[in-house]
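Q: Turn these sequences into a full structure, and let the hints steer you where they fit.
Here UniProt numbering is used: position 357 in the first sequence is 357, and no number is missing along the way.
Just so you know, the hints here were simulated from the structure itself, not pulled from any lab data.
Since this is a predicted model, take the numbers as computed values, not measurements.
Just so you know, not all the hints are guaranteed correct.
[Claimed, not checked] Using 25 angstroms as the maximum straight-line C-alpha spacing, the simulated BS3-like pairs for lysine-lysine come out as follows:
id: 1; residue 1: Lys605; residue 2: Lys690
id: 2; residue 1: Lys18; residue 2: Lys2
id: 3; residue 1: Lys135; residue 2: Lys177
[What the hints assert, rightly or not] Restraint-style ranges between C-beta atoms, simulated for each label pair:
id: 4; residue 1: Gly482; residue 2: Gly698; range: 15 to 25 angstroms
id: 5; residue 1: Val115; residue 2: Thr319; range: 42 to 52 angstroms
id: 6; residue 1: Leu230; residue 2: Ser314; range: 25 to 35 angstroms
id: 7; residue 1: Leu354; residue 2: Asn393; range: 19 to 29 angstroms
id: 8; residue 1: Leu425; residue 2: Gly482; range: 30 to 40 angstroms
Note that the Cβ used here is the ideal one computed from N, Cα and C, for glycine as well.
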Amino acid sequence: MKSLGWTPDHYTFPFVFKACTKFPSLSLGASLHATVCRSGFASNVFVCNAVVAMYGKCGALHHAHNMFDDLCQQGIQDLVSWNSIVSAYMCAFDANTALALFSKMTTLHRISPDVISLVNILPACASLAASLRGKQVHGFAIRSGLVDDVFVGNAVVDMYAKCGRMEEANKVFQRMKFKDVVSWNAMVTGYSQAGRLEHALSLQMLNSGSRPNVVTLVSLLSACASVGALLHGKETHCYAIKFILNLDGQDPGDDDLKVINGLIDMYAKCQSTEIARKIFDSVSTKDRDVVTWTVMIGGYAQHGDANHALQLFSEMFQTDKSIKPNDFTLSCTLVACARLAALRFGRQIHAYVLRNCYDSVMLFVANCLIDMYSKSGDVDTGQIVFDNMPQRNAVSWTSLMTGYGMHGRGEDALRVFGEMREVPLVPDSITFLVLLYACSHSGMVDHGIDLFNRMSKDFGVDPGPEHYACMVDLWGRAGCLGEAMKLINEMPMEPTPVVWVALLSACRLHSNIELGEFAANRLLELESGNDGSYTLLSNLYANARRWKDVARIRYMMKRSGIKKRPGCSWVQGRKGVATFFVGDKSHSQSQLIYETLADLIQRIKVIGYVPQTSFALHDVDDEEKGDLLFEHSEKLALAYGILTLPPGAPIRITKNLRICGDCHSAISYISKIIEHEIILRDSSRFHHFKNGSCSCKGYW
DNA sequence: ATAGGGTTAG
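A: This is the structure:
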């Protein structure tokens with residue numbers, strides 16, 4: 001056009017700027033802006049509005065604002081200028097400033113918003129959960145009649161839905177004269193995110209003339225995943241196959257992949273990792289995106305075998321060089337590391353994060369790193385990660401305090417709490433739960449009681465059943481069973497299973513059969529299918545040598561088909577991780593392991609170890625014969641660690657259940673006669689064995 | 001100009 005000798009006028013420029021935002025190109029936009037200034041259009045509000053919009057969409061908020069200020073100084077800004085700058089702030093996720101500008105426009109400058117203003121500002125109210133402001137905007141929309149516009153109506157529905165006010169959203173939705181698929185989806189999504197799957201499904205969308213689309217399905221699948229509704233998930237899958245997915249031997253398109261990713265996530269979260277994996281495998285490597293990998297890794301990390309998660313993470317690098325893990329991927333993988341106490345793998349991820357400068361998204365990943373290091377036995381490195389974080393949120397603080405709690409370092413947990421108060425950050429119910437847990441596992445009874453008394457009075461956080469369970473635990477460990485029972489009677493709500501478990505464990509620890517039976521009965525009334533309750537009670541009887549009662553419990557378990565989960569321990573050897581079950585002979589060095597163990601047992605017997613045979617029966621099914629006390633998984637893992645690790649290296653063992661009492665005593669003795677520190681994580685906490693004693697000091 | 005997927009702490 002220019003080569004023909006034509007000059008662009010103020011109609012031309014806005015179109016060209018719009019083109020720049022289609023394929024966001026800041027450099028092109030900026031050079032056009034320069035042309036505008038040179039061509040003498042710097043005072044033309046049409047053209048300048050287009051410049052503001054272009055900079056906003058290209059992510060150059062600062063330039064957008066300068067241009068807008070320029071317009072204001074010339075006094076030529078109009079409604080479109082305001083809309084453009086508000087939209088620019090929304091693109092930059094700064095809903096606060098967007099709202100402030102909108103207020104300034106309506107109140108100070110008395111400019112009346114149009115449809116576009118409302119559709120810009122309602123998502124701002126939604127993202128800030130500012131339902132009061134949203135309501136004001138809604139009121140204006142009604143008064144001005146703009147609410148009849150389907151875009152405005154949809155934005156209002158979505159605003160209420162995102163603020164968690166589904167009743168209001170529904171009222172607006174019902175009154176809408178015209179509804180389109182977006183209106184329906186806003187409702188479906190709202191109910192889905194509130195975990196109200198039935199409401200989401202009961203929307204009679206199919207009869208309305210609006211066909212569910214990809215967005216509808218993705219929302220529904222996410223809802224099925226979050227409440228574990230496998231059957232509804234399968235129905236949604238069927239619908240997707242019939243009407244949405246278009247896979248006649250062709251490669252999946254972008255929309256197909258979104259549904260497929262949702263399906264993988266749904267099946268994994270509904271405990272069907274195998275189906276999830278089948279769908280994952282059905283997508284060819286080149287068609288998978290980073291979400292496909294992430295949902296499968298996350299599925300294994302949380303609902304399947306966490307080892308598969310780590311395998312898949314490695315596989316992702318090997319099979320597709322172009323896929324780069326993002327912060328979701330790394331977080332999911334770190335969750336798997338934490339579950340397995342896979343310190344080596346976790347360190348590699350940490351190194352990868354540092355090498356690849358994931359600076360802006362560090363918060364989630366760093367929180368996961370703190371958790372991974374603490375759960376892998378190295379809470380001190382967790383503290384270092386914490387110290388180096390540019391930003392922290394409440395989870396960062398609680399993760400660190402939880403870490404110290406697990407390691408029995410209650411003083412450190414309280415120190416961190418003190419630092420958190422200085423920030424200042426408001427402690428919530430989880431903060432106190434974590435602190436009480438730390439006090440309980442460190443034997444800090446007085447501190448625990450003090451915190452419990454102050455949490456409601458000084459911080460306005462009312463204790464829930466979990467807090468009471470922690471206090472029962474605290475009193476119970478300290479042997480004050482009467483106090484524990486008194487507290488349960490004082491609870492303002494019905495005691496939940498966790499409360500009775502805490503009492504039962506304490507009774508087991510202090511051999512109080514009567515109260516233990518009472519707790520067990522309450523527990524079995526509430527949830528009869530839990531193997532842990534039966535095992536605790538059985539152990540209580542066994543400890544008192546009441547074998548008939550032990551047999552009775554076993555019979556009850558058998559009759560109701562409840563199986564004790566098998567104990568399982570794994571240890572970080574020099575060449576990877578080795579896993580052991582009780583009496584396990586499957587390892588290639590099995591013979592050597594058993595010989596090592598027998599030798600150790602002989603040597604510690606000399607220095608005072610007495611096997612506690614009352615534990616002998618706990619891990620054994622009736623069919624198994626012989627005394628398997630010396631073949632418990634944690635002892636086998638320890639022997640293997642001693643065999644394979646260099647002298648002086650710490651031996652890191654992880655057990656899926658609580659460590660057995662006899663093993664605890666034996667390992668304490670063994671730590672006296674070997675060079676290694678033994679760091680053992682069980683389902684309750686960490687035990688650091690060194691020179692004959694354990695860091696838990698009896699507070700399991 | 002409005003709707004959508006995957007992550008953390010007990």
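Q: Now tell me, hint by hint, if it's right for this structure.
A: Structure-based check of all given hints:
The suggested pairing of Lys605 with Lys690 holds, with an alpha-carbon distance near 18 angstroms, which does not exceed 25 angstroms. Annotation: proposed proximity of Lys18 to Lys2 holds, straight-line Cα distance about 19 angstroms (limit 25 angstroms). Between Lys135 and Lys177, the direct Cα distance comes to roughly 20 angstroms. Compliance with the 25 angstroms bound is thereby established for this hinted pair. Between Gly482 and Gly698 the CB atoms are about 20 angstroms apart, so this pair conforms to the stated range of 15 to 25 angstroms.
Judged by the Cβ atoms, the range 42 to 52 angstroms given for Val115 and Thr319 holds: they are separated by roughly 48 angstroms. Hint check: Leu230 to Ser314, Cβ distance near 29 angstroms, so the stated range 25 to 35 angstroms holds. Checked against the hint of 19 to 29 angstroms, the C-beta distance between Leu354 and Asn393 comes to roughly 21 angstroms, which is consistent with it. For Leu425 and Gly482, the hinted distance range of 30 to 40 angstroms is satisfied, since their beta carbons lie about 37 angstroms from each other.
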